[in-house]
Amino acid sequence: MDYATLLQILDSTLRLGTPLLLACLAGLYSERSGIFDIGLEGKMLMAGMASGAVAALSGSVWAGLLAGIGASMALALIHGLASITFRGNQLISGVALNFVASGATVLIAQSLFQQGGRTPSLTGAARFNPIELPFAETLRAIPGLGPFYAEVLSGHSALVYVALAAVPGTWWLLYRTRFGLRLRAVGENPESVDTAGVSVLRLRYTAVLITGVLCGLAGAYMATGLQAGFGREMTAGRGYIALAALIFAKWRPWSALWATMLFGFLQALALRPDVLERTVGFPVPVSALDALPYILTVIVLAGFVGRAIPPRAGGQPYVKER
Amino acid sequence: MDKLPRWADLVLVPLISLALAAAISALVILAIGGDPVEAVTIMVNGALGSPYGWGYTLYYATSFIFTGLGVAVAYHAGQFNIGGEGQAQLGGLGVALVCLAAPWPHWSLALPAAILGAGVFGAAWAAVPAWLAAKRGSHIVITTIMFNYIAAALIVYLLVEVLRPAGQMDPATARFPAGASLPTFGEIPGLSAIFSKNVPANVTFFVAVFACWAVWLLLWRSRLGYEIRAFGKSEPAARYAGISPTKMIMVSMLISGGLSGMMAINNVMGEAERLLQNSAEGAGFIGIAVALMGRNHPVGIFLAAILFGFLYQGGAELGLWTTIPIELRLLLQGLVILFTGALDTMVRMMLAPFFRVRRAA
Numbered sequence: 093m094d095y096a097t098l099l100q101i102l103d104s105t106l107r108l109g110t111p112l113l114l115a116c117l118a119g120l121y122s123e124r125s126g127i128f129d130i131g132l133e134g135k136m137l138m139a140g141m142a143s144g145a146v147a148a149l150s151g152s153v154w155a156g157l158l159a160g161i162g163a164s165m166a167l168a169l170i171h172g173l174a175s176i177t178f179r180g181n182q183l184i185s186g187v188a189l190n191f192v193a194s195g196a197t198v199l200i201a202q203s204l205f206q207q208g209g210r211t212p213s214l215t216g217a218a219r220f221n222p223i224e225l226p227f228a229e230t231l232r233a234i235p236g237l238g239p240f241y242a243e244v245l246s247g248h249s250a251l252v253y254v255a256l257a258a259v260p261g262t263w264w265l266l267y268r269t270r271f272g273l274r275l276r277a278v279g280e281n282p283e284s285v286d287t288a289g290v291s292v293l294r295l296r297y298t299a300v301l302i303t304g305v306l307c308g309l310a311g312a313y314m315a316t317g318l319q320a321g322f323g324r325e326m327t328a329g330r331g332y333i334a335l336a337a338l339i340f341a342k343w344r345p346w347s348a349l350w351a352t353m354l355f356g357f358l359q360a361l362a363l364r365p366d367v368l369e370r371t372v373g374f375p376v377p378v379s380a381l382d383a384l385p386y387i388l389t390v391i392v393l394a395g396f397v398g399r400a401i402p403p404r405a406g407g408q409p410y411v412k413e414r
Numbered sequence: 395m396d397k398l399p400r401w402a403d404l405v406l407v408p409l410i411s412l413a414l415a416a417a418i419s420a421l422v423i424l425a426i427g428g429d430p431v432e433a434v435t436i437m438v439n440g441a442l443g444s445p446y447g448w449g450y451t452l453y454y455a456t457s458f459i460f461t462g463l464g465v466a467v468a469y470h471a472g473q474f475n476i477g478g479e480g481q482a483q484l485g486g487l488g489v490a491l492v493c494l495a496a497p498w499p500h501w502s503l504a505l506p507a508a509i510l511g512a513g514v515f516g517a518a519w520a521a522v523p524a525w526l527a528a529k530r531g532s533h534i535v536i537t538t539i540m541f542n543y544i545a546a547a548l549i550v551y552l553l554v555e556v557l558r559p560a561g562q563m564d565p566a567t568a569r570f571p572a573g574a575s576l577p578t579f580g581e582i583p584g585l586s587a588i589f590s591k592n593v594p595a596n597v598t599f600f601v602a603v604f605a606c607w608a609v610w611l612l613l614w615r616s617r618l619g620y621e622i623r624a625f626g627k628s629e630p631a632a633r634y635a636g637i638s639p640t641k642m643i644m645v646s647m648l649i650s651g652g653l654s655g656m657m658a659i660n661n662v663m664g665e666a667e668r669l670l671q672n673s674a675e676g677a678g679f680i681g682i683a684v685a686l687m688g689r690n691h692p693v694g695i696f697l698a699a700i701l702f703g704f705l706y707q708g709g710a711e712l713g714l715w716t717t718i719p720i721e722l723r724l725l726l727q728g729l730v731i732l733f734t735g736a737l738d739t740m741v742r743m744m745l746a747p748f749f750r751v752r753r754a755a
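Here the protein sequences come in this chain order: A and B.
All letters in the first sequence, in the order written, are residues 93 to 414 by this note's numbering.
All letters in the second sequence, in the order written, are residues 395 to 755 by this note's numbering.
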């Protein structure tokens with residue numbers, strides 16, 4: 093594989109890894125607070141539909157983004173209601189919301205646009221357009237790093253940079269603020285947080301809503317940045333892969349970046365079977381490439397790459413003693 | 395919170411959950427410019443109004459009984475098996491291999507062989523996630539979901555590259571031999587007076603009913619079933635009583651996968667008579683709703699499967715006769731899972747005051 097091809101693939105890696113990264117960080121907030129969320133997929137899907145539809149109707153991608161975040165937060169709130177207030181089964185709630193999302197998105201998109209559950213193709217201001225980073229063209233002349241900066245890092249939509257910035261942001265919030273300390277505590281030992289006079293309910297709702305915002309960004313990016321419009325089932329299991337990446341990353345923000353970029357790299361490779369064939373020397377069936385991220389996820393989950401210990405109170409509703 | 399009487403917990407709570415799901419769906423239909431009353435009329439007429447409709451309703455119900463039982467057996471062991479979809483597709487592969495392996499002289503010989511093939515392949519596909527959960531502590535929900543995607547990719551590969559007969563364009567196996575064709579309701583003496591020849595409901599329905607009875611026998615009348623339920627109720631207690639967690643996870647998941655795989659007898663052998671892509675068509679997921687709605691009991695699952703068969707067939711009729719997309723089924727399914735599985739405490743809380751008043755009076 094020559095350097096130019098590698099740069100192309102890394103460029104796709106960043107594009108395809110971004111929704112995974114956003115969803116992975118979304119899951120990180122929820123699970124660190126002790127709420128399992130396998131509904132990331134549904135939230136992304138709902139956000140993708142809402143942002144695609146509103147962007148198509150209003151012609152403004154920013155209006156679309158807000159709608160996407162709103163739709164995702166609405167689902168997050170239902171998940172919070174079921175798993176925090178009514179102490180329901182968090183896994184079942186997540187599965188249910190995924191089904192609700194895959195049904196509702198098609199119903200709404202079909203009734204709005206009559207295009208088989210898709211939104212119309214977005215153009216111009218209704219899309220997130222690529223941003224040239226400063227001096228990209230001037231620096232390109234520098235051998236090695238210059239093309240990397242110009243090809244891989246520059247020329248992405250705003251949400252890619254938001255996602256990248258969210259990594260140190262999340263790290264700082266989790267490990268350097270009082271809120272972060274409490275959030276981590278409530279996922280490990282909610283009693284201690286309760287004893288300290290901090291509301292477990294409020295902390296968990298906040299975490300779940302942050303999850304909603306980040307999934308909203310992920311979905312909006314898919315429909316208005318990565319692709320030009322929403323298509324049915326367009327998230328294609330990314331929510332689950334993001335969860336696997338979260339386990340891979342052992343619920344830590346920087347590791348989440350590397351884990352999601354690894355999965356993004358695999359997806360980028362699956363788009364370029366010719367490159368892979370030249371590299372390994374024999375044709376690889378396309379379905380094997382498609383299955384690769386899922387197989388890798390299973391290997392990750394099997395703990396063959398180091399033990400991952402989830403937040404201790406994860407999945408258990410908190411019952412205050414009376 | 396007051397405890398509800400047993401009958402309310404078993405009958406009223408699922409019914410109220412269903413009513414809530416239906417009410418929200420009705421609002422959605424209104425919001426997208428449809429007419430809920432017309433929608434219900436079309437669904438009832440299309441699914442229950444004729445022997446033809448019943449033939450489809452019972453056909454879908456047959457599939458859902460298998461996947462519902464599959465989810466329930468795992469659930470009793472405290473395992474949440476979302477892999478029914480992949481296990482059903484692999485079950486389809488087992489059925490196809492069995493049916494294509496020999497020139498079957500009569501369906502009564504092919505059926506037991508196909509049941510075995512479907513069950514073994516479905517169980518095998520559940521075995522890996524089960525083993526990973528039992529031995530390596532992997533999250534069974536996520537591994538089974540991943541195995542759904544891997545199953546889909548594997549089946550596509552096999553259908554395109556391996557099993558497709560030479561000269562055929564579409565990715566599917568060859569047609570099964572005539573001797574492996576299961577009799578439909580229209581061909582069964584006695585039932586043929588009611589059902590016409592072209593309904594898909596077939597003899598597998600009776601296998602499904604038998605499976606309900608067998609699962610009941612297993613869970614509530616056998617030592618293994620007792621151990622499964624004890625393990626599901628309290629893992630530490632079960633371990634203290636000498637029950638092996640590894641064995642319980644493996645056994646319950648293998649039975650679960652086998653049952654989900656057996657669904658393929660109905661759709662692959664009974665209806666399509668060859669293996670197609672995406673053969674399970676979401677029935678693996680509906681099993682979750684069916685098991686929750688049926689309270690993980692075979693009788694409940696049988697009734698819930700009929701109900702979902704009605705919703706499925708009714709939803710198809712809606713897609714045919716109105717502008718309401720067929721995906722309404724997915725929404726309804728999600729809402730039923732939400733209300734029966736995750737918001738059941740809310741429903742109980744809503745009911746509790748009524749029973750408090752009655753008791754006081």
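Be aware that a few hints might be false.
In silico DSSO-like pairs for lysine-lysine, Cα to Cα no more than 30 Å straight-line [what the hints assert, rightly or not]:
1. B:397 - A:342
2. A:342 - B:591
3. A:412 - B:627
4. B:529 - B:641
Calculated from the structure, these hints are not laboratory results.
All values derive from a computational prediction rather than experimental measurement.
Query - Index of numbered hints that the structure contradicts, given in increasing order - result: Violated hints: 1, 2; rest satisfied.
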